[in-house]
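Input sequences plus hints: build the corresponding full structure.
Protein chains in written order, with the numbering used here: chain A, 486 to 603; chain B, 14 to 131.
Do not take every clue at face value.
Claimed, not checked - Calculated cross-link-like contacts (lysine-lysine; reagent style DSS-like; alpha-carbon spacing at most 27 Å):
1) LYS558/A with LYS54/B
2) LYS595/A with LYS55/B
3) LYS595/A with LYS79/B
4) LYS595/A with LYS501/A
5) LYS488/A with LYS55/B
6) LYS77/B with LYS488/A
Quick caveat, the hints were computed from the structure, so don't treat them as lab data.
Spelled out, the chains give:
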Amino acid sequence: AQKITQTQPGMFVQEKEAVTLDCTYDTSDPSYGLFWYKQPSSGEMIFLIYQGSYDQQNATEGRYSLNFQKARKSANLVISASQLGDSAMYFCAMREGTQRSGNTPLVFGKGTRLSVIA
Amino acid sequence: GAVVSQHPSRVICKSGTSVKIECRSLDFQATTMFWYRQFPKKSLMLMATSNEGSKATYEQGVEKDKFLINHASLTLSTLTVTSAHPEDSSFYICSARDGDRINYNEQFFGPGTRLTVL
Numbered sequence: 486a487q488k489i490t491q492t493q494p495g496m497f498v499q500e501k502e503a504v505t506l507d508c509t510y511d512t513s514d515p516s517y518g519l520f521w522y523k524q525p526s527s528g529e530m531i532f533l534i535y536q537g538s539y540d541q542q543n544a545t546e547g548r549y550s551l552n553f554q555k556a557r558k559s560a561n562l563v564i565s566a567s568q569l570g571d572s573a574m575y576f577c578a579m580r581e582g583t584q585r586s587g588n589t590p591l592v593f594g595k596g597t598r599l600s601v602i603a
Numbered sequence: 014g015a016v017v018s019q020h021p022s023r024v025i026c027k028s029g030t031s032v033k034i035e036c037r038s039l040d041f042q043a044t045t046m047f048w049y050r051q052f053p054k055k056s057l058m059l060m061a062t063s064n065e066g067s068k069a070t071y072e073q074g075v076e077k078d079k080f081l082i083n084h085a086s087l088t089l090s091t092l093t094v095t096s097a098h099p100e101d102s103s104f105y106i107c108s109a110r111d112g113d114r115i116n117y118n119e120q121f122f123g124p125g126t127r128l129t130v131l
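In structure tokens:
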């Protein structure tokens with residue numbers, strides 16, 4: 486079963502508008518972390534934002550915010566005031582267990598390609 | 014933030030040859046390293062997890078004799094694609110984790126290596 490589901494293969498947004506990229510996850514572990522990464526055409530993975538399963542507040546990092554709905558098991562990324570440079574692939578990822586737990590890797594969703602239109 | 018380098022960034026080789034990809038953590042000691050593979054317009058798929066000084070743990074379906082991983086030091090892991098074939102052409106990304114960090118964002122990605130097998 487897929488642990489991370491991103492249902493939007495592609496999204497378009499007008500420059501300066503906000504956009505929400507969807508992510509749902511599946512785990513039975515009470516401790517987990519949720520991540521969003523941006524991958525431009527160059528291929529590098531750029532960390533955007535993190536949300537821990539026990540965090541009470543939704544994470545925010547500049548123009549990025551994470552809409553964490555634990556009961557629904559969703560962790561949507563909201564990008565405000567979109568810029569042309571935001572055009573890229575966006576991946577949602579999860580790590581199960583505590584942040585110091587063993588060798589647990591990040592598991593990625595299939596990604597969403599965001600295109601920002603001028 | 015921590016820096017992970019990969020070398021080479023691009024490699025083209027003939028079918029049947031072996032290719033070695035290096036992953037280095039430049040300013041921290043990486044007790045654990047992960048190797049991912051990414052096909053065009055696809056997600057990152059975990060290939061294996063390696064710990065310094067021990068054998069790598071391979072994901073199901075990944076041939077350990079074909080993808081040799083060596084994590085001989087705390088700053089270097091290598092992935093060798095042996096007897097490469099065109100279907101091995103892909104983008105390979107390493108990720109390093111610093112076991113001493115308590116920061117949640119402790120998994121850092123290299124810039125990737127694009128392998129093309131002719």
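Worksheet item: Hint by hint, which ones does the structure fall short of?
Response: none
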